[in-house]
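Visitor: Model the full structure from these sequences, guided by the hints.
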Amino acid sequence: MAESSDTVAKSTGFRLARVIFGGLLTYMGISGFRNIEAQAGYAEAKGVPMPELSVVASHWLLVVGGVGISLWKLPGLAASAAISFLVGVTPFTHDFWNQEGQERANEQNHFLKNAAMLGAAFAFLGVAESEKAKKKRQNER
Numbered sequence: 201m202a203e204s205s206d207t208v209a210k211s212t213g214f215r216l217a218r219v220i221f222g223g224l225l226t227y228m229g230i231s232g233f234r235n236i237e238a239q240a241g242y243a244e245a246k247g248v249p250m251p252e253l254s255v256v257a258s259h260w261l262l263v264v265g266g267v268g269i270s271l272w273k274l275p276g277l278a279a280s281a282a283i284s285f286l287v288g289v290t291p292f293t294h295d296f297w298n299q300e301g302q303e304r305a306n307e308q309n310h311f312l313k314n315a316a317m318l319g320a321a322f323a324f325l326g327v328a329e330s331e332k333a334k335k336k337r338q339n340e341r
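Basically my numbering = 1-based index in the sequence shown + 200.
Derived by calculation from the structure, the hints in this document are not laboratory data.
Simulated restraints, written as ranges between beta carbons of each label pair:
| hint | residue 1 | residue 2 | range |
| --- | --- | --- | --- |
| 1 | 217 | 302 | 28 to 36 Å |
| 2 | 337 | 236 | 43 to 51 Å |
| 3 | 297 | 271 | 32 to 40 Å |
| 4 | 257 | 227 | 16 to 24 Å |
| 5 | 316 | 292 | 14 to 22 Å |
| 6 | 230 | 276 | 20 to 28 Å |
| 7 | 341 | 316 | 37 to 45 Å |
| 8 | 215 | 337 | 17 to 25 Å |
Here are the simulated lysine to aspartate or glutamate pairs, DMTMM-like style, with alpha carbons at most 20 Å apart:
| hint | residue 1 | residue 2 |
| --- | --- | --- |
| 9 | 273 | 329 |
| 10 | 246 | 300 |
| 11 | 210 | 331 |
| 12 | 313 | 300 |
| 13 | 246 | 295 |
| 14 | 210 | 329 |
Where is the CB? At the ideal position from N, CA and C, for every residue including glycine.
Guide: Shown next as structure tokens:
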């Protein structure tokens with residue numbers, strides 16, 4: 201028998217995953233805020249439109265996603281923020297297919313890391329949606 205999302209969300213493993221994943225996102229967001237000029241320069245070099253605004257907005261998505269997932273507050277919104285960051289940023293900044301040599305390998309590693317994080321964010325979104333649907337069914341009774 202499959203476990204309910206409520207049981208999964210209360211498990212020690214899931215809680216640890218939330219804190220690790222959410223903490224990583226939060227750290228990445230705060231780190232980006234501390235280094236906006238360099239981040240914007242990198243974004244500009246990659247052809248990102250409005251690089252400084254894009255960097256600030258994208259790092260807010262990381263912080264909102266990270267804190268929300270860690271604390272499991274508004275988890276659907278938090279996971280969606282993380283997904284938005286990863287989908288929006290990854291193909292622009294880690295375009296390994298346009299690189300050669302060591303730069304290609306570096307960008308491919310970052311791309312694959314982000315793809316794995318995207319999978320985790322979708323898993324958190326799935327649990328959040330399942331919890332929300334369960335609460336809705338309970339309220340309808």
